[in-house]
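Undergrad: All chains, full assembly: derive it from the sequences and hints.
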Amino acid sequence: MQRCLASLERGFLTLEVSTSTPVVEMRTITVRFPGVIANDNVTLDVYPGEILALLGENGAGKTTLMNVLYGLYKPDEGEIRIHGQPVSIANPNDAIKLGIGMVHQHFMLIAPFTVAENIVLGVEPVNVGGKLDMDKAIHDVEELSKQYGLVVDPHARIETISVGMQQRVEILKALYRGAEVLILDEPTAVLTPQEVDELAVIMRSLVRQGKSIIFITHKLREVIAISDRVTVLRRGKCVGTGETENTTQEELAQMMVGRKVVLSVDKEPVKTGDTVLSVQNLHARGSRKLPALKGVSFDVKAGEIVGIAGIEGNGQSELVETLTGLRKATSGHIYVNGTNLANSNPRALIEEGVAHIPEDRQNRGLILDFTVAENFILRNYYKPPFAQGINLDYRKVHAHARELIEEFDVRTPSENVPVRSLSGGNQQKVVVARELSGEPQLLIASQPTRGLDVGAIEFVHRRLLAQRDQGKAILLISLELEEVMSLSDRILVIYEGQIVGEMTPDEATEGELGLLMAGGHAKRGLHSEGSEQSGQFRQGSAELP
Amino acid sequence: MANFGKDLQNSPKHALRISREQAIELFIPVVAVFLALLLGAFLVLFIGKSPLAAYGALLKGAFGSKRDIAETLINVTPLIFTGLSVAFSFKCGLFNIGAEGQFIMGQIIAAWIGYSLAGMPTVIHMPLAFLAGALAGGLWAALPGYLKAKLGVHEVINTIMMNYIALYFSHYLVMGPFKEPGPIPQTPQVAEAARLWKILPGTRLHFGLILALGAVWLVYYLLFKTTLGYEIRAVGNNPHAARYGGISVSKDIIIAMSISGALAGAAGAVQALGVQFRFLDLFGFIGYGFDGIAVALLGRNHPFGVLIAATLFGTLARGAITMQSIAKIPKQIIGIIQATIVIIVAADEILRRFFRSRSAATQALTEAGEGEDNGE
Numbered sequence: 001m002q003r004c005l006a007s008l009e010r011g012f013l014t015l016e017v018s019t020s021t022p023v024v025e026m027r028t029i030t031v032r033f034p035g036v037i038a039n040d041n042v043t044l045d046v047y048p049g050e051i052l053a054l055l056g057e058n059g060a061g062k063t064t065l066m067n068v069l070y071g072l073y074k075p076d077e078g079e080i081r082i083h084g085q086p087v088s089i090a091n092p093n094d095a096i097k098l099g100i101g102m103v104h105q106h107f108m109l110i111a112p113f114t115v116a117e118n119i120v121l122g123v124e125p126v127n128v129g130g131k132l133d134m135d136k137a138i139h140d141v142e143e144l145s146k147q148y149g150l151v152v153d154p155h156a157r158i159e160t161i162s163v164g165m166q167q168r169v170e171i172l173k174a175l176y177r178g179a180e181v182l183i184l185d186e187p188t189a190v191l192t193p194q195e196v197d198e199l200a201v202i203m204r205s206l207v208r209q210g211k212s213i214i215f216i217t218h219k220l221r222e223v224i225a226i227s228d229r230v231t232v233l234r235r236g237k238c239v240g241t242g243e244t245e246n247t248t249q250e251e252l253a254q255m256m257v258g259r260k261v262v263l264s265v266d267k268e269p270v271k272t273g274d275t276v277l278s279v280q281n282l283h284a285r286g287s288r289k290l291p292a293l294k295g296v297s298f299d300v301k302a303g304e305i306v307g308i309a310g311i312e313g314n315g316q317s318e319l320v321e322t323l324t325g326l327r328k329a330t331s332g333h334i335y336v337n338g339t340n341l342a343n344s345n346p347r348a349l350i351e352e353g354v355a356h357i358p359e360d361r362q363n364r365g366l367i368l369d370f371t372v373a374e375n376f377i378l379r380n381y382y383k384p385p386f387a388q389g390i391n392l393d394y395r396k397v398h399a400h401a402r403e404l405i406e407e408f409d410v411r412t413p414s415e416n417v418p419v420r421s422l423s424g425g426n427q428q429k430v431v432v433a434r435e436l437s438g439e440p441q442l443l444i445a446s447q448p449t450r451g452l453d454v455g456a457i458e459f460v461h462r463r464l465l466a467q468r469d470q471g472k473a474i475l476l477i478s479l480e481l482e483e484v485m486s487l488s489d490r491i492l493v494i495y496e497g498q499i500v501g502e503m504t505p506d507e508a509t510e511g512e513l514g515l516l517m518a519g520g521h522a523k524r525g526l527h528s529e530g531s532e533q534s535g536q537f538r539q540g541s542a543e544l545p
Numbered sequence: 001m002a003n004f005g006k007d008l009q010n011s012p013k014h015a016l017r018i019s020r021e022q023a024i025e026l027f028i029p030v031v032a033v034f035l036a037l038l039l040g041a042f043l044v045l046f047i048g049k050s051p052l053a054a055y056g057a058l059l060k061g062a063f064g065s066k067r068d069i070a071e072t073l074i075n076v077t078p079l080i081f082t083g084l085s086v087a088f089s090f091k092c093g094l095f096n097i098g099a100e101g102q103f104i105m106g107q108i109i110a111a112w113i114g115y116s117l118a119g120m121p122t123v124i125h126m127p128l129a130f131l132a133g134a135l136a137g138g139l140w141a142a143l144p145g146y147l148k149a150k151l152g153v154h155e156v157i158n159t160i161m162m163n164y165i166a167l168y169f170s171h172y173l174v175m176g177p178f179k180e181p182g183p184i185p186q187t188p189q190v191a192e193a194a195r196l197w198k199i200l201p202g203t204r205l206h207f208g209l210i211l212a213l214g215a216v217w218l219v220y221y222l223l224f225k226t227t228l229g230y231e232i233r234a235v236g237n238n239p240h241a242a243r244y245g246g247i248s249v250s251k252d253i254i255i256a257m258s259i260s261g262a263l264a265g266a267a268g269a270v271q272a273l274g275v276q277f278r279f280l281d282l283f284g285f286i287g288y289g290f291d292g293i294a295v296a297l298l299g300r301n302h303p304f305g306v307l308i309a310a311t312l313f314g315t316l317a318r319g320a321i322t323m324q325s326i327a328k329i330p331k332q333i334i335g336i337i338q339a340t341i342v343i344i345v346a347a348d349e350i351l352r353r354f355f356r357s358r359s360a361a362t363q364a365l366t367e368a369g370e371g372e373d374n375g376e
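Heads up: the protein sequence lines correspond to chains S and H, in order.
Per my numbering, the very first residue in the first sequence carries number 1; after that it's consecutive.
Per my numbering, the very first residue in the second sequence carries number 1; after that it's consecutive.
Only true hints are included.
Taking lysine-lysine and the DSS-like style, the derived pairs with C-alpha atoms no more than 27 Å apart in a straight line are:
1. S:Lys383 with H:Lys225
2. S:Lys328 with H:Lys150
3. H:Lys328 with H:Lys66
4. S:Lys267 with S:Lys219
5. S:Lys289 with H:Lys251
6. H:Lys150 with S:Lys289
7. S:Lys136 with S:Lys97
8. H:Lys251 with S:Lys383
9. S:Lys396 with H:Lys225
10. S:Lys328 with H:Lys251
Calculated directly from the structure, the hints in this document are not laboratory data.
Please read these numbers as outputs of a predicted model, since none were measured by experiment.
TA: What follows is the structure, given as structure tokens:
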């Protein structure tokens, strides 16, 4: 508590003076993990009928704090009060009994079950004799959905409904169990801009009816747009709390990061050269053998960043994998510097100068139990100077590692520690350093800033722009619309395995991109060149409800 | 606890955490052996004997005389090879339960080359027979490796099946084409020129031990100093990242299985050329291959760890015989001790958690102290 109050002296936020009792009071919560204090003396209050944003970078301790409230972690110190009564929450069942519900970032739904079945799971209404009363379940769900304006189809199976609706099912699940306080863990990460707006409306309607919401996020804009109050965490500590309307994005960013942050990206004007990557009518199947890419065509020229915007699961992963030789194309061409490299093995593409920052650094980009030095040579260990005949010259490997650590400012005690022991941001620096150090012709960067804090994001963005200014071709795939818009020289929108539009960042608005991403078509005309080239735009009407 | 000094300079806290993990890693096998010996002592007490007498007899049996030491080392030799075999496959993320079958194939083929060729000088015949055994083991493992790499057939199932095929195939060979004339199902004796040299006068200790030590070094070098070793460890740690790095995962799986099998085959070859000088019909699995799994596990899949673990297991097995004959303590106690070691090492998460929570508690205390200092 003292820490929170102390930070207020900087003149930023004033602590809300409220006469009502908070629903949830978390007092001086401390959670220690081996080697790290995840929550350090954190205090947090939630009042009835408010939306509290819990803001912080990745690793700031937001989710840990909420897991304490939901009974998943036991705090080493501190106290939780619900409606003023001290409580002990040993597991999620205790939390649910106390009226706390949590919607996790990754939904916990059973795909082949219906919406109603998922909602009542675990607390199913039964007839006399113990038979499941599905009619009552459906009725209850319909009632609940009407009451809070959460539109769902109780009969639909989870696997057939949109991500937005799945999220509503998760919220209904919590409400069905009598939640008074809803914890939403990064609820907007999987949504289109339009769905985010809908979610905001739902959240408003919930708090109007007396619910309280804790909304975990690292997106400043959403804090400003949605929340009533905000609590900021940095490195496990509460660095401020107060009313949203008294603050600005810049101020929040500074609190979150601990220093001044430049939110915009400065770019040199684009100077394009020859076409480096030319993808023509590319088809590929996804992991479930269903078509995932349905005739994708585009070019990337030297000196430009082409961004691909889209909602998760619309073929981005498959596109990247097909371009980097990790997935078979069923048809189509991938020309790199004029050579067709479709269905080449990954090494052939590496040899052709294609660098790849994979979306999943821990499972693909790095070998976590290898040392930093060993990870730096993952894609060129077989070539001199590292390989000498059958031998690997570890002296050169280590020297190389020390150079890259220096150049890319990787924070590590030495090049000899397993990369697993580095923070996420530094792990990503290892990947970026490795991929950029090979002097690539083409860089395919797939969600290069996923899960990174603001400082590391700035770093990656600067490096990408530097590559572009050096005349490299860059294909950027990102789920963060802001990232695509601020870095790209051209933006392609992918929807259901097809490129459905092309825009420049100047002419694009988030609204238009959002519509395209959701399968609608833009109000303004699409880029004509793109349209002729691919000839595959979805002309169907917008599918948004 | 040991901390690995050179990492400490830049970020002490960070490096300490890693070195603690490493220390735990090294500590677990030691603790496992200690606990198992303790349990063994209680068992001995339980049957009304003196644990001191038991372990005394064990040590005497293993190291009491030149001959005892030689016999112990003869026991250790095949375990080094099979331990290396299993450890090598583990490094590529494969579980080669088929070392037993590869051992059998190595043994019978080495014996066959050993007895069937005549009139060759030792410098040719001996290495030829040894390498033929290793090659047979390697080919026997290459098949499950190939099936795993190309068709995704699980190597555990496959290598188990291959064990039985090897066992029954050896029956066929030793009762059919390789059979020595006479009533006993066995091959003829290996030619003198193919036998491994004796290396300690007055004992049976043979050159196989030197070969095994060479194999330890070779496996170490291969895994940690060559590009192939880098690839194999990459595939074993994270096949997705290996593939992303341009490594052919399927090729490496086949290579790793073949090398693993060759090591197990070499174990069989040294038994045939150094100890038995022929192949005797098997009534069942001898167990060197299966013991290799335990040795690899206890040795943390590191060649040097395997060497230590094989020495321990070989010593226990040899000492158990004396323990039974002199101290009248059933040698099955040793079996229980070995099994306990394996269980503790396999369930190392229990120990690890114990160490972690203790070290976390210590650290928390330290940091709480620091916190007070900074608090003002």
